[in-house]
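Colleague: Chains A and B, in that order, give the protein sequences. Letter by letter, the first sequence follows residues 1 to 315 of this note's numbering. Letter by letter, the second sequence follows residues 1 to 319 of this note's numbering.
Do not take every clue at face value.
Computed list of chain A residues with no C-beta within reach of chain B, every gap over 12 Å [what the hints assert, rightly or not]: (1) D94; (2) D138; (3) E250; (4) E266.
Not everything, but these chain A residues come out facing chain B in the computed CB check (under 8 Å) [claimed, not checked]: (5) V8; (6) Y53; (7) A106; (8) L107; (9) N179; (10) I254; (11) P257; (12) D260; (13) M305; (14) G306; (15) S307.
Derived CB-CB ranges, DEER-like [as the list claims (entries may be wrong)]: (16) B:G269 with A:E3: 38 to 44 Å; (17) B:E174 with A:E250: 53 to 59 Å; (18) B:E207 with A:R240: 53 to 59 Å; (19) A:V154 with B:D243: 53 to 59 Å.
Just so you know, these hints were derived from the structure itself, not from any lab. All C-beta atoms, glycine included, are put in the ideal place defined by N, C-alpha and C.
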Amino acid sequence: MIETVARVNLMVNEVLKIKKNRLTPDNITGDEKRIALVSGIYGDELQGMYICYEVIRRIKEDYGSLTGIVDVYPYINPLALEAKTREIPGPELDMNELFPGAKSGALGEYAASCLIDDITSSEDGPKTEFCLDIHGSDLYLKEIPQIRMNDDMVDEIMPYATKLNTDMVWIHPSNQVKNGSLVYELNQRGVISCVTESTSAYRIDQKYGNQLVDGIFAIMKALGMWQGEINQVKKPHVARDNQVTYINSESSGIFIPNVDVHDRVEAGMLMGSVINVLTGTVEQKVIAPTSGTITAIREYPAIEMGSLLARIVEL
Amino acid sequence: MRQKTIFSYETPFSGEHNIYGFVYGAGSYSDPSEAEPSAAIVGAMRGNEHQQLYICSKLASRLSEIEEHGDIVHGKSVLLIPSVNYSAMNANHKFWLSDDSDINREFPGNPEGTATSRLAASLMEELGKYSYGIQFPSYYMRGRFIPHVRIMKTGYESTNLANLFGLPFVMLAEMRAFDEGTLNYNWQKAGTEAFSLYSGGTSRINEEYAEIATSAVLRFLSRMGIIKYNSMGGNISTIMEEDEMISIKSESAGFFKRMKNVNVEVRRGDLLAEIIDPMDGHVLSEVRSPVDGIIFYQQDAPLIYQNVVIFRIIKKIHK
Numbered sequence: 001m002i003e004t005v006a007r008v009n010l011m012v013n014e015v016l017k018i019k020k021n022r023l024t025p026d027n028i029t030g031d032e033k034r035i036a037l038v039s040g041i042y043g044d045e046l047q048g049m050y051i052c053y054e055v056i057r058r059i060k061e062d063y064g065s066l067t068g069i070v071d072v073y074p075y076i077n078p079l080a081l082e083a084k085t086r087e088i089p090g091p092e093l094d095m096n097e098l099f100p101g102a103k104s105g106a107l108g109e110y111a112a113s114c115l116i117d118d119i120t121s122s123e124d125g126p127k128t129e130f131c132l133d134i135h136g137s138d139l140y141l142k143e144i145p146q147i148r149m150n151d152d153m154v155d156e157i158m159p160y161a162t163k164l165n166t167d168m169v170w171i172h173p174s175n176q177v178k179n180g181s182l183v184y185e186l187n188q189r190g191v192i193s194c195v196t197e198s199t200s201a202y203r204i205d206q207k208y209g210n211q212l213v214d215g216i217f218a219i220m221k222a223l224g225m226w227q228g229e230i231n232q233v234k235k236p237h238v239a240r241d242n243q244v245t246y247i248n249s250e251s252s253g254i255f256i257p258n259v260d261v262h263d264r265v266e267a268g269m270l271m272g273s274v275i276n277v278l279t280g281t282v283e284q285k286v287i288a289p290t291s292g293t294i295t296a297i298r299e300y301p302a303i304e305m306g307s308l309l310a311r312i313v314e315l
Numbered sequence: 001m002r003q004k005t006i007f008s009y010e011t012p013f014s015g016e017h018n019i020y021g022f023v024y025g026a027g028s029y030s031d032p033s034e035a036e037p038s039a040a041i042v043g044a045m046r047g048n049e050h051q052q053l054y055i056c057s058k059l060a061s062r063l064s065e066i067e068e069h070g071d072i073v074h075g076k077s078v079l080l081i082p083s084v085n086y087s088a089m090n091a092n093h094k095f096w097l098s099d100d101s102d103i104n105r106e107f108p109g110n111p112e113g114t115a116t117s118r119l120a121a122s123l124m125e126e127l128g129k130y131s132y133g134i135q136f137p138s139y140y141m142r143g144r145f146i147p148h149v150r151i152m153k154t155g156y157e158s159t160n161l162a163n164l165f166g167l168p169f170v171m172l173a174e175m176r177a178f179d180e181g182t183l184n185y186n187w188q189k190a191g192t193e194a195f196s197l198y199s200g201g202t203s204r205i206n207e208e209y210a211e212i213a214t215s216a217v218l219r220f221l222s223r224m225g226i227i228k229y230n231s232m233g234g235n236i237s238t239i240m241e242e243d244e245m246i247s248i249k250s251e252s253a254g255f256f257k258r259m260k261n262v263n264v265e266v267r268r269g270d271l272l273a274e275i276i277d278p279m280d281g282h283v284l285s286e287v288r289s290p291v292d293g294i295i296f297y298q299q300d301a302p303l304i305y306q307n308v309v310i311f312r313i314i315k316k317i318h319k
């Protein structure tokens, strides 16, 4: 059932609506568990669109196997998605800093408040057991499928995170899981939540998407919400912040990588070059400072001194 | 005056860029003199902070005159950094061009991090040497407001010194989550008496408020014994908590027709603005003052969303 969880009058002749699709079993017993899938918090992250679609499609294909409630919020920042901007256009606010929001607030805060209320409410169904906030990296980096979580919530989140079929679980204080983010505020309210990142902004990677969808069905299976077959999920590598090596550029120019995500590199190996397109010379050879697996690689080629080129994790 | 390079970087398509500071009272390159780092002033951090850069240009002109007359107190010096993000201003862009990061969220910075993080680290290294710090940030809401000194309640703040600017108001504000990445917070943490001076606007030049801000900075420098400068006494500042102001929000979305300006005394029930339907021109809502007081802030966008703050009023106060 399609519902509108927030509506705000825009300035000229338009109403902003945040919608969800609630998928419920044909026969309600009252013992159902409920999960929420959220995507589109940034207007340049499209990976979640495919994942939301594919989850709904697979459920509809075998509706009789659904024995729990799945709430899908595919695009919670519709104005930014329409405008192809990361932040909310106009006020240029980062929506993932506005939670829990306020009913008396402006557009972003109001929408954030409505969303939090809808996910945490148990008025028209059971309380949400688990929420996955699906991100799609940013314009600059391509990332392997991963879960990110704060180190103070490891015990609560890890049982879910390890089932989501990602390549890595990264425990760190990232800006996706800080005060003011959807996931942080939901965890504060007793809804176990985590962020997933994969691919890069403005892109859909179907392979990664299908991988995460398999993980979502594995969670549904574990919670008794799905009686159908599921694909086998992989056990992710768990990385602490101190196991992640950042490679920042020391020059400016165009980055030509020699490696891709998932590649194994050895210390001293050439990872790529920073080139000068005017003089036709190599400004910097980017050498792996440590051995490990590339979990993120620069996607947007124009760089300056300090630009993040890659992350290496000893998996 | 001595020009000092605070930070250098290269962009892929425009080559080398330098962030410059200008030191008054420490001689010249050819004839440097010993001077303590007394006060540092930081202007535009974002590409739309035209008013902030304009104030710095006025200050640069005045400080040059003061220096020429020998009125920088012997052994003292003032550092002025007019713009730390002029590339964004040239490209008509608000944030750092290459990655849209906001420098005023990158402090204290990391010398091995991204460009803005490295810039923040270089700035902190230089600015942390100074006893007093003045920054001209832009207000977090678009619009016009009364010039004021804003101090975050970090535990390091000094309201007594803030009074010495002689501006009408000193606003005490609670810290928000993102404040930990701002220059002001980290400057205070580094031991500098740091103040944020809000100068009336951002992307448009307000000559009257720019003059008020320039005078306030020179008054402060004079009162701290850094320059010899005879200025009018200014105001005995009213110190108030930011949260005590009354915020008025838009009940509807549409054209915002203002009837009253900032710094105007209003009575309860006075008509402050109308919100008009852009399609048929009828008045969707009248905005009336809920209290007696002075308009501190006023939204200046032609079109507004529903539920945004359009006025802030300091209640029960007279001019």
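Colleague: So which of the earlier hints does this model not fit?
Modeller: 1, 2, 3, 6, 11, 12, 17 and 19
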